[in-house]
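Asks: Next come the chains, spelled out residue by residue.
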Amino acid sequence: MATTPTVFRLDDASDAPEARVRLRRFHPDDLTATCGAGVSAFCAVWLVYERFTPLSGGLGFWLSWYVVFLALYWLIVRGRDGRMAATDRLATVVLTTAGLGLLVPLVLIVGYTVYKGWTALRPAFFVKDLRYTGSLSKATDGGGLHAIVGTLEQVGLAVLISVPLGVTTAVFLNEVGGRLARPVRLIVDTMSAIPSIVAGLFIYAVIVLTLGQNGFAGALALAVLMLPTVTRTAEVVLRLVPGGLREASLALGASEWRTVHDVVLPTSRSGLVTAVILGVARAIGETAPLLLTIGGAFVVNANPFHGKQDALPYFVYRLIKFPQTAQVQRAWTGALVLLALVLVLFVAARIVGGRKPGSAGILRRQRRHDRRERS
Amino acid sequence: MSVTIGAREVPPPSLDGQRPPSRLIAEGVSAWFGTHKVLDRVSLVMEPGRVTALIGPSGCGKSTFLRILNRMHELIPGASLAGTIELDGVDIYRGTRSPTDTRRRVGMVFQKPNPFPAMSVADNVVSGLKLSGVKVQSRADRRDVVEHSLQRAGLWNEVRNRLTDPGGALSGGQQQRLCIARALAVEPQVLLMDEPCSALDPTSTRRIEDTIAEISKEVTVVIVTHNMQQAQRVSHDCAFFLAGENQPGYIVESGPTDTLFSSPDDSRTLDYVRGRFG
Amino acid sequence: MSRRSSHLVSSPEAIAVAGPSVDGEARVEIRVHRGPVDRAYRLVARLAASATLALMALIGAFLLARALPALRAAKWHFLTEQSWTPDSGRFGISAVLLGTVLIAIIALVIAVPLSIGAALFITEYAPRGLRRPITSLVDLLAAVPSLIYGLWGLFFLQPRLIKVSRWLTDHASIVPFFRTKSTNYASTTFIAGVVVALMIVPICTAVMREVFSQAPPGEKEGALALGGTRWGMVRTVVLPFGRGGIVGGSMLGLGRALGETIAVSLIISPLFVRSTHVLEGGGNSISALIALRFSESNTFGISALMAAGLVLFVMTLVVNAFASVIVSRSRSGAATEI
Numbered sequence: 016m017a018t019t020p021t022v023f024r025l026d027d028a029s030d031a032p033e034a035r036v037r038l039r040r041f042h043p044d045d046l047t048a049t050c051g052a053g054v055s056a057f058c059a060v061w062l063v064y065e066r067f068t069p070l071s072g073g074l075g076f077w078l079s080w081y082v083v084f085l086a087l088y089w090l091i092v093r094g095r096d097g098r099m100a101a102t103d104r105l106a107t108v109v110l111t112t113a114g115l116g117l118l119v120p121l122v123l124i125v126g127y128t129v130y131k132g133w134t135a136l137r138p139a140f141f142v143k144d145l146r147y148t149g150s151l152s153k154a155t156d157g158g159g160l161h162a163i164v165g166t167l168e169q170v171g172l173a174v175l176i177s178v179p180l181g182v183t184t185a186v187f188l189n190e191v192g193g194r195l196a197r198p199v200r201l202i203v204d205t206m207s208a209i210p211s212i213v214a215g216l217f218i219y220a221v222i223v224l225t226l227g228q229n230g231f232a233g234a235l236a237l238a239v240l241m242l243p244t245v246t247r248t249a250e251v252v253l254r255l256v257p258g259g260l261r262e263a264s265l266a267l268g269a270s271e272w273r274t275v276h277d278v279v280l281p282t283s284r285s286g287l288v289t290a291v292i293l294g295v296a297r298a299i300g301e302t303a304p305l306l307l308t309i310g311g312a313f314v315v316n317a318n319p320f321h322g323k324q325d326a327l328p329y330f331v332y333r334l335i336k337f338p339q340t341a342q343v344q345r346a347w348t349g350a351l352v353l354l355a356l357v358l359v360l361f362v363a364a365r366i367v368g369g370r371k372p373g374s375a376g377i378l379r380r381q382r383r384h385d386r387r388e389r390s
Numbered sequence: 302m303s304v305t306i307g308a309r310e311v312p313p314p315s316l317d318g319q320r321p322p323s324r325l326i327a328e329g330v331s332a333w334f335g336t337h338k339v340l341d342r343v344s345l346v347m348e349p350g351r352v353t354a355l356i357g358p359s360g361c362g363k364s365t366f367l368r369i370l371n372r373m374h375e376l377i378p379g380a381s382l383a384g385t386i387e388l389d390g391v392d393i394y395r396g397t398r399s400p401t402d403t404r405r406r407v408g409m410v411f412q413k414p415n416p417f418p419a420m421s422v423a424d425n426v427v428s429g430l431k432l433s434g435v436k437v438q439s440r441a442d443r444r445d446v447v448e449h450s451l452q453r454a455g456l457w458n459e460v461r462n463r464l465t466d467p468g469g470a471l472s473g474g475q476q477q478r479l480c481i482a483r484a485l486a487v488e489p490q491v492l493l494m495d496e497p498c499s500a501l502d503p504t505s506t507r508r509i510e511d512t513i514a515e516i517s518k519e520v521t522v523v524i525v526t527h528n529m530q531q532a533q534r535v536s537h538d539c540a541f542f543l544a545g546e547n548q549p550g551y552i553v554e555s556g557p558t559d560t561l562f563s564s565p566d567d568s569r570t571l572d573y574v575r576g577r578f579g
Numbered sequence: 063m064s065r066r067s068s069h070l071v072s073s074p075e076a077i078a079v080a081g082p083s084v085d086g087e088a089r090v091e092i093r094v095h096r097g098p099v100d101r102a103y104r105l106v107a108r109l110a111a112s113a114t115l116a117l118m119a120l121i122g123a124f125l126l127a128r129a130l131p132a133l134r135a136a137k138w139h140f141l142t143e144q145s146w147t148p149d150s151g152r153f154g155i156s157a158v159l160l161g162t163v164l165i166a167i168i169a170l171v172i173a174v175p176l177s178i179g180a181a182l183f184i185t186e187y188a189p190r191g192l193r194r195p196i197t198s199l200v201d202l203l204a205a206v207p208s209l210i211y212g213l214w215g216l217f218f219l220q221p222r223l224i225k226v227s228r229w230l231t232d233h234a235s236i237v238p239f240f241r242t243k244s245t246n247y248a249s250t251t252f253i254a255g256v257v258v259a260l261m262i263v264p265i266c267t268a269v270m271r272e273v274f275s276q277a278p279p280g281e282k283e284g285a286l287a288l289g290g291t292r293w294g295m296v297r298t299v300v301l302p303f304g305r306g307g308i309v310g311g312s313m314l315g316l317g318r319a320l321g322e323t324i325a326v327s328l329i330i331s332p333l334f335v336r337s338t339h340v341l342e343g344g345g346n347s348i349s350a351l352i353a354l355r356f357s358e359s360n361t362f363g364i365s366a367l368m369a370a371g372l373v374l375f376v377m378t379l380v381v382n383a384f385a386s387v388i389v390s391r392s393r394s395g396a397a398t399e400i
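Chains as they are written, first to last, in the working numbering: chain A, 16 to 390; chain B, 302 to 579; chain C, 63 to 400.
The shape of chain A in the complex, shown without the other chains (with noise of 0.2 angstroms):
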């Protein structure tokens, strides 16, 4: 059967407004399934769960709700759509959950921390140091002022020994090579395994027992965690920096030096800036080498070089195992101060990662490109 030849002409199609498909998602149907499961899972468990001996209470119940539900929401979809609509049904939920469901320990954590460091914190607490105080103390008597400061010339030493190391090793690895690379490459991705309390040990072993401990052998145990990891970062960051950049420079006549220092690496500024700060991030909430290398003290000791030094995680660490209360109080101040140390710096990261107009456009269209050319 032939259909004639039809011809349609663009401008005498009238102009009426369409229609356009509504593609629902999300039948009504599904939201009837989902709280007549739901509520029924409820009702049901409420029912049973006197008879078996309670999880605890609250936990135990939302669990046995938790999988009465799935069951009967399985059933209910089975029933009105087939074995399949209601597998990836089941499949969305569950997979929802384990999504959703990973916000919560952060919440928990987050809020506990606060909530038990909230109310010890005074503005004294930036300030003073644990020198007048005694077993007998409140909790917001005296301060954390010397382990802030510890930490604070702790880290910065910590970066000012690995981050120029890091990223020139960086710049080795990835724009001049050579034989030297090999080896290089594969000494830093092991050195990166170091477990860090071993480092610490190293740091103790080397240096603590000749010359005692001081912030600075503390300082030494972070670089030696740091700098493979600034190192590998570094590189990453170079890598993605296209080759095109480079060869267009050196086609202009500019030197490799030239190249590097005015191409390279202000494309990847803001991508190894992120990486500093995330570093520094992580070398901040290092416990295990300081455990080994400071000391600890209750006095501001502004001279890292000299003598026992205190920091904000030894702090934590170090006042939470005393049976006082106010011990255990100022400790979980600390513990607050960290957190929120680290949470700055963390969203610092994401801020400078993000929005430089630089090399953040050339990385997303990068990015983009690559992806175009995948689909």
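Possibly wrong hints are sitting among the right ones.
[Claimed, not checked] Derived lysine-lysine pairs resembling DSSO-like cross-links, with alpha carbons at most 30 angstroms apart:
hint, chain 1, residue 1, chain 2, residue 2
1, A, K143, A, K153
2, A, K336, A, K143
3, B, K413, B, K518
4, C, K243, A, K336
5, A, K143, A, K323
6, A, K336, C, K225
7, A, K336, A, K153
8, A, K131, A, K323
9, C, K225, A, K131
[As the list claims (entries may be wrong)] Chain C stretches covered by chain B per the calculated footprint, using a threshold of three residues with CB under 8 angstroms from any CB of chain B:
hint, region
10, 105–118
11, 293–302
I should point out that these hints are in silico values taken from the structure, not numbers from a laboratory. Just so you know, these numbers come straight off a predicted model, no measurement behind them. Think of the CB as a built atom: it goes at the ideal place given N, C-alpha and C, for glycine as much as any other residue.
Please build the complex by placing chains B and C on the supplied structure of chain A, with the hints as guidance.
Replies: Using the frame of chain A, we list chains B and C on its own:
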């Protein structure tokens, strides 16, 4: 013929019998990506048991139209459409059939062959059945389905001893025929083909055209092609798409292939089939 | 090539030199002649890399050297002895090693399914706009210091998990792991394992997410066009494709779990007995051993601790190496960095 469970229609799982080919009617179909309109009120009848070719220069919305026919268009975020598509009288968008249901009845073969590379050839063929929930009862049934589908796709003789080889190990033309076999195993009523031979060598192209000719009696075929000679060889009916610069695509003319190529009504159609632009 | 006289721009010049002839054709050797600035820059870069190399190699060598005395003294008993009293000559890592591994296993059992689920949710199920925020939040979980995890685990989670432990012992003691000899449900391997699990979830999720997002769109389309549901498509295309990422991500998490010190040492109360009763108070780990014993150890004790630390280091190294090999060899990992 299909079972109604609750409010939705579920086709019975079947291995024994090809469903009769269907008539696909598109009326006033428009499509948007966000606010950008790419198709303007396209209407077309795709007759059962015949091959309809969609021809025209690139960028005129032919592939978009094809994807609307099996509800793949809506998978793109921000995509929307208007108009009606009726498969044997049932609106595939506003009726009671789910999208997965429609895709079981309206199969698709893509431009770039996409067999599942980690699965064996045999597993690839039955993967469509597994995905659409059809239970294959016995080993013998499974073997029959594999052999039958591969024969229809013209691939059986080449791979009969390689059924356990991974799907990715075949050549390009073989992979595409494997995809055709996989699509046919589900026993669709309509088969959509989006430039299936554009990435293949002439020999594979010819084999696939033979396949299209054979299956067209049982399956309605709608094929998008840039190759006008292929359109003439393979199709019974043709629809010529066109779009102005930054304008949505529309059908200029449609009808039996012979007529369209020898004495079309519209001068633009004549120009295109004579190769004056494209 | 024309010479540039500006001292600011001295590009490397290629100088053609007649080279040895091969196959009868005279080949031209191209030697690159670099300016002084470039030579200095390359030298500095090379020095930095060498310094890194030397430093890191020194650390490894030092650890080995310092650990040898203890290893020589203990010989094979190092691996079989449970107690840790270096002064009396009886010390071995069998108890601590088992404890480390048990904590890591518990952590993996909890974290891996959770991570797979979260990674699938982020790549396939979450609305587009929600993807970046959720990813950022998961990364935030990774940024929280392990000390905070340890405190939270000790003060918040432990009281609640004790009830769970009791329930498991009462109702699930068919499984040998869940049996206990005492009724002390605190400071257990189990609780430590749960806390470590939460710590490694972000790492595993990040790797898996990266890998899942690279599943070939052509195959995904093909699966959907055959009439598959979204879950069917995920099972047929995304999960097989992402196998390498799943294993690699889990290995990476395992490495992290093995080396975790602070959270573990806050929770467990160390027992030097090889025990698989994870619900019972006790447990141990190599890193906690070092953290708790270093101050009271003499030189020989330090040597013994070094040996233990070396074992831990080697384990973590092997696991990490395994992880990157698996990821890079797999279909999915070709472009992924671990």
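Asks: Hint numbers the structure violates, sorted upward?
Replies: 10
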